[in-house]
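Participant: Okay, here's what each chain looks like letter by letter:
Number of protein chains: 4
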Amino acid sequence: MLVVMNQNVSESQINEVINYVKEKGFDTHLSKGILHTIIGVVGQGQLDPRNIELIEGVNEVIKITSPYKLVSRQFQTMDTIIEVNGVKTGGDNLSVIAGPCSIESLEQMDETASELSGIGIKILRGGAFKPRTSPYAFQGLGEKGLKIMKTVCDKYKLASTCEIMDASHIDMFLDYVDVFQVGARNMQNFTLLKELGKINRPIILKRGLCSTIEEWLMSAEYIMAGGNRNVILCERGIRTFEKMTRNTLDLSAIPIVKKISHLPVIVDPSHATGLRDKVEAMSMASVACGCDGLIIEVHNNPEAALCDGAQSLYPIQFEHLISKISQIAPIVNKKFL
Amino acid sequence: MLVVMNQNVSESQINEVINYVKEKGFDTHLSKGILHTIIGVVGQGQLDPRNIELIEGVNEVIKITSPYKLVSRQFQTMDTIIEVNGVKTGGDNLSVIAGPCSIESLEQMDETASELSGIGIKILRGGAFKPRTSPYAFQGLGEKGLKIMKTVCDKYKLASTCEIMDASHIDMFLDYVDVFQVGARNMQNFTLLKELGKINRPIILKRGLCSTIEEWLMSAEYIMAGGNRNVILCERGIRTFEKMTRNTLDLSAIPIVKKISHLPVIVDPSHATGLRDKVEAMSMASVACGCDGLIIEVHNNPEAALCDGAQSLYPIQFEHLISKISQIAPIVNKKFL
Amino acid sequence: MLVVMNQNVSESQINEVINYVKEKGFDTHLSKGILHTIIGVVGQGQLDPRNIELIEGVNEVIKITSPYKLVSRQFQTMDTIIEVNGVKTGGDNLSVIAGPCSIESLEQMDETASELSGIGIKILRGGAFKPRTSPYAFQGLGEKGLKIMKTVCDKYKLASTCEIMDASHIDMFLDYVDVFQVGARNMQNFTLLKELGKINRPIILKRGLCSTIEEWLMSAEYIMAGGNRNVILCERGIRTFEKMTRNTLDLSAIPIVKKISHLPVIVDPSHATGLRDKVEAMSMASVACGCDGLIIEVHNNPEAALCDGAQSLYPIQFEHLISKISQIAPIVNKKFL
Amino acid sequence: MLVVMNQNVSESQINEVINYVKEKGFDTHLSKGILHTIIGVVGQGQLDPRNIELIEGVNEVIKITSPYKLVSRQFQTMDTIIEVNGVKTGGDNLSVIAGPCSIESLEQMDETASELSGIGIKILRGGAFKPRTSPYAFQGLGEKGLKIMKTVCDKYKLASTCEIMDASHIDMFLDYVDVFQVGARNMQNFTLLKELGKINRPIILKRGLCSTIEEWLMSAEYIMAGGNRNVILCERGIRTFEKMTRNTLDLSAIPIVKKISHLPVIVDPSHATGLRDKVEAMSMASVACGCDGLIIEVHNNPEAALCDGAQSLYPIQFEHLISKISQIAPIVNKKFL
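Residue numbers (this note's numbering), protein chains in the order written: chain D, 112 to 448; chain S, 112 to 448; chain H, 112 to 448; chain W, 112 to 448.
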């Protein structure tokens, strides 16, 4: 931490800062420049920079230690690669997860799984507990949905991905689900994150609608600090003033996260755009800027979907998308399917 | 719902929309204008407007039914007034809740409560479970903290307000806490909201950092739909591009919410600004534009606070703030203390 | 400027930074901590921190010199007070400017001016050149409007405020207008700002819709650097994701700007909210948190207004607002009317 | 325009709306539903929806006519293709403009042009008038810079692109510049836009930092309404809460604009990200989602650049980028170089 003092700072003001910081158990390092006097603060423990900012004579307090440890490339240089059902995510691998927004019935899941399996997909997505803005909207089938998911995955030899909304559901999920997904609205549900740190399953951690990249990585840090290092980050759009898309897909986050973290990053173009006819273009863009995977909504009959049908692809559209991605993957040195 | 068709729309395109909507069990109402053909859609049930937007010939789909019911002034004209420990919030009453960010020790709480009680405060705030961005930061004392809170509240005849982070804690909280607070990061933790709908205690529902007013009201709707009508909304700042404040306090939300909802709205200027020296100014502004209450961080010794000390007022500053607010309250026709 | 190096930085990387910076004519100051090596950079001139960030081994580059000079309280401790037509803005004075959005006709301006003059207003606002999103919307009366403004101001002994949209209009404005207003969309029209620095009239500088406080102050710096020190800052709302208000009025900006700058700050609640029935509440909030003035849209007949009638007050509403503000002003130690 | 009335609306309230609207010269069309009474409003002229919203009994007013005409695909179905120096932008063509941020000297421009020309670039960019946040930063060489640009372009048979900051510079620019660029900060400098509508040169219109897609298209409409139909839209990032990138590149805007407008859309990944090492990834993503061109900063010696060197590519990096884009272009059916 660096404390930058005002230009006309007095000795007693400098001493006040030094005394305050030392009382908290930190060491200081004074450096007087022509324009600025700077007090370096070194040590372990908690120190709220705003407390120092409020001391008379202080211009600014600057944190210089990055807050994440386990997620950082300084901690682990090599890319984390997570393998699920023979599919690798991370490193020079590109993976695709697909399936409907919600699990609605055995028939729907069976038909969708059959189509996707035929295209080569190995990980099926589908929600059983749905975070809906309105209490009057379809809330998902619950455990019954998870059972349908498991039946279908067993039949087609697929792995499953479902969103978990509450820590109390973890035990239930362990019986049915291979990859746990934390939704954007729960990215800072710290109780949930801590409990997910205690299990072994891979966790897809979606970025919150208004979360900075730093906060997103800190939420991954929560899971990793608990012992579970199988975290896959997922960019799904952030909230801005633009009204023509559901959210603004922040693709610059991909090369940025790849530089500072070793964790794999995938993209959800379906939720980001909210409209089926934008999904292919944004999937291609995601792969072109280096993402490690995609999670895409596909429904056997989107018009009949109980939730988010408008952003779900028809299987035939999805097949077209896969062929397009296959062409881009080698250009960015990614192995695909 | 209104479906606005393109200017050069064909009969078959119009029919496609009508058929789609009727299949879903809704009625339609066709109106052909000079510039636009509009199809009104009436009925009960779920209908995702985006599915219609994807039909050829459709220009736009407009939702016209407001999504909230119980929170709306159309449902209840009279202001909801919530009384806790003899203090009313809502209607022509102005209330103030105060206390430290975190419960740290019996001494800290006792001293702070003693000061606040002397100033006339009847509801004490303090966190036992803290949502912290970093897993390495102080996470609160947990149940031990709740016990301290109860001991102190009993001694000084205060009611207590604590943040609840997970549905599994509700039973524990019922033993100690009078007013449950849902933090900004949990505003869309729907599992938690549903469970809070089943209890009887007043709920302070903070607005999420990137939540629209509509989403905030829908989260209140979740609690009310469960049967608990004691909801107090709390504006605490939204996230914008501005970097000089922790968040941007959206005070326009106050007159807006007061117009469309009967629920009381309070303001948390401490979290919004993040710095002690801005709290008085923003408290006064909040009262001047019609809020029903304030929740303010006060600490007996802010420099020693384990969390957010920089935004906590000294008791003497708080007393000054109270005297200022007392002067503004009658101008906006609010009874205070 | 401070260059924070990575933890595992090498000597040669440190030297590369030092050499780069010295070549640019700056001095360095090396400080090796346990966790971090920091290179202080001191000197005059241009140095883009991003160039240093791209050097191998650099973790972060931190600017510590605040970019504004003339607008800063470090440059001038005392509040700037600007007097127009006997009305002072700044210091312990509270001023109110009022008038319609657009100058539409002599009758409209005369009637409005007569009403406002009766209420005690001394500065009349009204636009002759209107920045409209659509080329097909009413663009203002141009110079004819300015003439109407002058006629009316002469009759009622008022000063005038009009928005200037282009540097080429300055000479024309000098003939008719007492206070020049720079609109939000032109806050970074640097050609205009430079030319306004060469004249002597007071400038109301509105904050841009997506401008940070720092950028706003830098635009004031442009005007002041040219020699014109009569700058009044005007907060008018920023753009966020919230859709229920036209913009989000950022009232926290008031105490923040008052702390770092000596310039007066006023608020435009009419444009920020966009709806008449929110103007009084937000005006009161603005005064309560310490603004130095208000600029409010009032129209003799809002229903007939050619532009923004919906946010214009009726004269009788404005009179009510003035009486409310008179009650708040003394509480915040402001002299009013 | 549609006026949605409250559920419990009275006949007299309905009549008040109808009378108000008819007085303004519009026709109405009443439709009473079970839940809602809706008044359709048809006609030509100006009608501010907010005036109607303020009438008692009105729930909401909905605009249904899209505000743009000439830029819309409803006005022109075929893609606009703009040819400059033999290079086509729009349709199935992909173009690249390159060059330094600022024109600094004849040597710098000559060397850079020589490099770019060798790579096959036909349009050179470079700024002579620079919009800088600080009045103390390098402001560009002005007309001297334009002369250097012309000399170099003549020598290497290149077309030139320069940013124009003020309408008064148009005549000067006509002597030197082939493609005029309007910067993000001037996107709503309506005086400038109107004057650019009167000339014949192609205009690159950058999206404002906080502009919606609708506003961006309306600014293009300003230019086209004046008679100049050679408009190229340029996405360059919007402002959000994210701090790790200079701006957030909104690539979803590409497929959206391509759907509603016939104008070509290019991307500026240099300004959006602000850092050289992100430019290639974001260029590839831009092409992959269907942009019609790129404008990229390249400098013969980025370390020595007077402005934005950190986001400028070395010529050798640019050559690599070009080869990558050549591989992606055919996948999205674009002809390139």
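Check the hints yourself; a few may be wrong.
Just so you know, same-sequence chains aren't split out, so a pair can sit in one copy or run between any two.
[As the list claims (entries may be wrong)] Here are the simulated DSBU-like pairs of lysine-lysine, each with C-alpha atoms no more than 35 Å apart in a straight line:
1. Lys135 - Lys174
2. Lys309 - Lys446
3. Lys354 - Lys370
4. Lys143 - Lys309
5. Lys135 - Lys261
If you are wondering where the hints come from, they were derived from the structure by calculation, not from laboratory data.
Participant: Run every hint past the structure and note whether it holds.
Facilitator: Quick rundown of the hints versus the structure:
Both within a single protomer and between protomers do Lys135 and Lys174 lie at most 35 Å apart by alpha-carbon distance, with minima of 16 Å and 27 Å respectively. For the identical chains of this complex, Lys309 and Lys446 are intra-copy neighbours only, at 31 Å inside a copy versus 51 Å across copies, given an alpha-carbon limit of 35 Å. In this assembly of identical chains, Lys354 and Lys370 lie within 35 Å of each other by CA distance both inside one copy and across copies; the values are 31 Å within and 15 Å between. Taking the shortest Cα distances, Lys143 and Lys309 never come within 35 Å of each other, neither inside one copy (48 Å) nor across copies (38 Å).
In this assembly of identical chains, Lys135 and Lys261 lie within 35 Å of each other by CA distance solely across copies; the values are 30 Å between and 54 Å within a copy.
Hint 4 from the earlier list is the only one contradicted by this structure; the remaining hints agree with it.
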